[in-house]
Amino acid sequence: MRVSLQWIKDFVDVKASPVEIADRLTMAGLEIEGIERVDGDMVIEVEGMGHSGHTGNDMVFEVNVTPNRPDCLSILGIAREVAAAFQLPLKMPAADPGEGLTPSGISVEIADTDLCSRYAGRQISGVTVSESPKWMRDRLEKCGIRPINNIVDVTNYVLLELGHPLHAFDADKLAERKIRVARAGRDAAIMTLDGVERKPDENSLLIWDGSGPVAIAGVMGGEGSAVTATTRNIFLESAYFEPTSVRRTSKQLGLRSESSYRFERGTDIEFLETALNRASLLMKETGGGTIHHLVDVYLNRYQPVTVEVSYERVNRLLGTAIPGQDILGILGRLGIGTEDKGETFLVTPPAYLRDIRHTVDVVEEVARIYGFGNIPSRVPKTALSDGSTNPRETAISSVRESVRKSGFTEAVNYSFMNTADLDMLSIPADDERRKYISVKNPLRQEDGAMRTTLAPALIRNFMHNISRGVRDIRFFELSKVFIDEGGRLPSERLRLGGLFYRDRSPSIWRQDLPSFYFVKGALEALLDELRLKESSYVMSEETFLHPGKAADVLIRGARAGYVGELGPAIIEKLDLKISKPEVVVFELDLDMVLGMVSRAKTYSQIPRYPSVERDMAIILDDDITADDVLRYFSGYTSDLIESIELFDYYKGKNMPEGKKSLAFRVVYRAGDRTLTDEESFLPKHVPMLSKRAISLTSTCLCFIASEVAINDILGPSTLTTVLPVFPSRSSRTPAAPALYPKFTSKADDPPERTRCPGVTSLTSGMMYIPGTCIPVFFMNSTTSGSVLSLFSSCCLTYFPAPASFLWPKASTPADSSYSISPPASLSPSATMIIYVPAFTSERITRAK
Amino acid sequence: MDELLALRESFRSEVSAVNSLADLQNLKNRYSGKKGLLTSRLKSLSSVPADQKPKFGKDLNELKEYIEGEIKGRESALREDDYRQRLLAEKIDITLPGRPAFFGRTHPINQVLSEIKAIFVSMGFGLEEGPEIELDYYNFEALNIPKDHPARDMQDTFYVSDDVVLRTHTSPVQVRVMEKRRPPLRIIVPGKVYRCDSDVTHTPMFHQVEGLMVDTDISFADLKGLLELFIHNLFGSNTPVRFRPSYFPFTEPSAEVDIGCIFCSGSGCRICKTTGWLEILGSGMVNPRVFEMAGYGPDEYSGFAFGMGVERITMLKYGIDDLRLFFENDLRFLRQF
Chain A
1 MRVSLQWIKD FVDVKASPVE IADRLTMAGL EIEGIERVDG DMVIEVEGMG HSGHTGNDMV
61 FEVNVTPNRP DCLSILGIAR EVAAAFQLPL KMPAADPGEG LTPSGISVEI ADTDLCSRYA
121 GRQISGVTVS ESPKWMRDRL EKCGIRPINN IVDVTNYVLL ELGHPLHAFD ADKLAERKIR
181 VARAGRDAAI MTLDGVERKP DENSLLIWDG SGPVAIAGVM GGEGSAVTAT TRNIFLESAY
241 FEPTSVRRTS KQLGLRSESS YRFERGTDIE FLETALNRAS LLMKETGGGT IHHLVDVYLN
301 RYQPVTVEVS YERVNRLLGT AIPGQDILGI LGRLGIGTED KGETFLVTPP AYLRDIRHTV
361 DVVEEVARIY GFGNIPSRVP KTALSDGSTN PRETAISSVR ESVRKSGFTE AVNYSFMNTA
421 DLDMLSIPAD DERRKYISVK NPLRQEDGAM RTTLAPALIR NFMHNISRGV RDIRFFELSK
481 VFIDEGGRLP SERLRLGGLF YRDRSPSIWR QDLPSFYFVK GALEALLDEL RLKESSYVMS
541 EETFLHPGKA ADVLIRGARA GYVGELGPAI IEKLDLKISK PEVVVFELDL DMVLGMVSRA
601 KTYSQIPRYP SVERDMAIIL DDDITADDVL RYFSGYTSDL IESIELFDYY KGKNMPEGKK
661 SLAFRVVYRA GDRTLTDEES FLPKHVPMLS KRAISLTSTC LCFIASEVAI NDILGPSTLT
721 TVLPVFPSRS SRTPAAPALY PKFTSKADDP PERTRCPGVT SLTSGMMYIP GTCIPVFFMN
781 STTSGSVLSL FSSCCLTYFP APASFLWPKA STPADSSYSI SPPASLSPSA TMIIYVPAFT
841 SERITRAK
Chain B
1 MDELLALRES FRSEVSAVNS LADLQNLKNR YSGKKGLLTS RLKSLSSVPA DQKPKFGKDL
61 NELKEYIEGE IKGRESALRE DDYRQRLLAE KIDITLPGRP AFFGRTHPIN QVLSEIKAIF
121 VSMGFGLEEG PEIELDYYNF EALNIPKDHP ARDMQDTFYV SDDVVLRTHT SPVQVRVMEK
181 RRPPLRIIVP GKVYRCDSDV THTPMFHQVE GLMVDTDISF ADLKGLLELF IHNLFGSNTP
241 VRFRPSYFPF TEPSAEVDIG CIFCSGSGCR ICKTTGWLEI LGSGMVNPRV FEMAGYGPDE
301 YSGFAFGMGV ERITMLKYGI DDLRLFFEND LRFLRQF
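Residue numbers (this note's numbering), protein chains in the order written: chain A, 1 to 848; chain B, 1 to 337.
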């Protein structure tokens, strides 16, 4: 609200500088947001409160009046505060129209007394409608109101000055010279002053004359009864309308006015007569005419409330020791009546402070005038309470840190969603994400719903950045989504979402793996950080993801989210101008994930005995997943197998079309002893493992020494699937023995084997090879000769039917022309165990 | 005699010419090996006249020690050399960049939020949260803002239905917590809030932190003390703080909390609109009506509540001049923090 300092000075003779006045008012609860120096109606400069000095013709304060201070929505109200703050007397303007006036000749009836407690008015006859005097126009303009004519201007002037809204009717246009205050009822319509046909609802309070509505009570007058240039007789209304009623009507009609603003905050029912009189006198002064006698229907009289307050309570709530006399003095300055009762005092607020009804209301008045700055500061003394640790919050922080440390930067997006985004992502009709909550009054139609997924916003963030030349884009967001489950409130679920895009331009240290794995790695690191071990990934059916590069994230078998590359259809819609962009998005239901996190950390002893590691590489059809293999392996349990981990993936050169190589590391360990080679000897376990692996596919043919061997020596092999096996690191050779009872003596061994290069001796039917012993499992009935010719350089034992196998004699690996047919008697499911000379780790490295 | 001297001379020249460990080994073999020159001299001792024997033996021994010493010395020098060569060959260009690895950044709002949380947690406050889509009852009515109350105009509300709104502040959580727990209460509630407003200084969503402290004898002086402590923690212990009367329906008395402008130190600038003060917090003593509605006896307890906008504090702390940057998520912006 804009108020003129000059005008304030009509009421209080304040000498302080504008800046000081502004400061005092601000510190008493009337925030002065700005000061303007004006001359006439011209704004000369915008004055800062920090500056002082300039004296202009007038100063205008921009006052922020909080809704609890309707008493301050006027010059008088502000002046009252100034008077209280500076301890100055308040002067009131003349408002006595005198005695012995003629009656107004307008009858007033209040039909709906619940909405109108008092309706007063005066007729002013014989006025001349003209321009207001300059001083009045200036003041109105300084306060932001456009002058119209003297009659309208006076009502506005008094509204500004005394805070009470008035309405001037053309008395001659009031049918039957009658005012009736009643609800609109059904189908009421009125053309308001602004020329708009309004249809107030049934409960709106209207002012009626003998034929129809002439004003919307407290909001706006009707055009039909408006004062015009030819108006001679005025009926001036000054009434008290129920604040909530005015507010409801004003909201319903979307019609706000200076009047409604004040009525809905509460006006002074006692004071309205003064305002009426002041306005009448001003009309007479500016337009001539005769003031008539007051018409006043005052049914529900204002009953002053008395509040009993204890001095001790005031000081206890404020933490002060203000003497009782000072408390009463402060209240007195605000025009509040008080009576000392010893321990307590009685407070009788004036009608314009009718909101003072409780102890705290009194405390507030005391505090603001006493000065918040004068209240001491003290550090609260209170009992310790638990609850300062919040495990969920801690977990969320660790999620944020974990994802951040994987290179993702946090985004914060609005919680709104464009429902068209769901179509863009082809989210199916029955999907949960379609159960969104709509906002009734969105700012933009595109923000009409609450998010059910974080993906669209993250994609938008990506687009924003890529179009501005940012090349590495990694975002995450931790926000709630809202799913309408039919309850009163939707289900709010915390989501972790993310997006990853890596620029493909040359980088000095290339990392060429598909982007999917960067993100999956980050998620795995996250789950590890949360100590959640039982996660797995299955192909996802998310409609917006690339069907071949998308996974659902399962934790303990339950779907917690997805991770995958945006599908080509979406990418096309984004129109990126980048060839084959890999944009990976993910989303996790964090509430679900955090629900599985256990706070308990358990200790288990660090292994005291060394482990033995055996490595095994498997060449598989592309469509067999690593998880398939691990799952099959996991079906084979041994107390000695500590873990089976995938540690290498190879695809490309020297690998047959449609094949890939996966290398697994089997770690053996016993808790109570160092394992013997025999115990950890892979062949003992591999048949079990391999049988499982083999059952994955009918094309699985054999295990061979190492992937290097198969790749380098065989080239593109005729084998459809090869499972190479090689133990690592152990410099000792197995003392083979009782595992294969068939070969307990040299007599059972084909003698040719001794001629194999690198083979120095045989022990109990097992190869004894310096360095490492590499077992090879071989099975099939259709193996080609070239493979067997490789094996001919090796010692071989087979299983379960050694006698039936034909052994190529006197051949060397170089002799690729050698060719044999596998024995017809070898059953297709037979497993042969082949030992080949060691490929030491050095040799493997070199070959790579 | 001369013969030994000659041998010594020839060894000296030979050993200084040796440049590899292998050559040195050959040299060693040639002189001190089984069939080496020294050995053959030793064998010739018998042919030396008896009177010269002791001296010859002594000289020979000296020569032997000399040769062995030289070889040893040469060997260690060559080994040293060899080692140095090898390390040199393994040299890499240490000025090449490291393998690209970087952390992401936390959103500036959440950085400041964590700072705020940490300060309050250190003062014994617990963290609470509540729904972002809230019943009108909790967002307004239970906070002493009945329907058709002008205070509703203070906040432009997004409506989901007549009695469900997007919460306009984090204050509803006060009531939700009070309904469940008895004092003493010390909580803060960080979270997103929504207002139907969008311009240079308003975004339809922003972040607030609500605080509530309730006990049997909490006063306005406690409110001042605690919030001053907080502000001094967050903005530095020399930051001026002032409390100014204001209005919130759910507190009474209510106070806006201003800090001395951190840009102009109070002398007046564009950012503080020349007032020298920046508003950063709303606060007040919990209105007894709110206690009543939450089921507390209004005279049994007293307490205070406060709320702050995290965006505003973040802008002040980092000197950010455009609110909308927070939600644009431009990495060039986010990576500055």
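In case anyone wonders, no lab produced these hints; they're calculated from the structure.
Just so we're clear, the structure is a prediction, and the values are computed from it rather than from any experiment.
Be aware that one or more of the hints could be misleading.
[What the hints assert, rightly or not] With a straight-line Cα cutoff of 30 Å, these simulated DSSO-like cross-link-like pairs (lysine-lysine) come out: (1) K147/B with K251/A; (2) K381/A with K55/B; (3) K381/A with K180/B; (4) K520/A with K440/A; (5) K199/A with K147/B; (6) K405/A with K192/B; (7) K601/A with K117/B; (8) K117/B with K440/A; (9) K117/B with K381/A.
Hints and how they fare:
1. At most 30 Å may separate the alpha-carbon atoms for a hinted pair to count; K147/B and K251/A meet this at roughly 12 Å.
2. Under the criterion of a C-alpha separation no larger than 30 Å, the hint pairing K381/A with K55/B is inconsistent with the structure, at around 102 Å.
3. Note on K381/A and K180/B: the hinted pairing holds, with a Cα-Cα distance of about 23 Å set against a maximum of 30 Å.
4. Our distance criterion of 30 Å between C-alpha atoms is broken by K520/A and K440/A, whose separation comes to about 39 Å.
5. In summary, the hint linking K199/A to K147/B is supported, as the alpha carbons are separated by about 22 Å, within the 30 Å threshold.
6. For the hint pairing K405/A with K192/B, the CA-to-CA distance comes to about 25 Å; that is within 30 Å, so the pair holds.
7. A distance of roughly 26 Å separates the Cα atoms of K601/A and K117/B; the hinted pair therefore holds under the 30 Å criterion.
8. Distance check on the hinted pair: K117/B and K440/A sit about 33 Å apart at the alpha-carbon level, beyond 30 Å; violated.
9. For the proposed pair K117/B and K381/A, the alpha carbon gap of about 20 Å is at most 30 Å, so the pair holds.
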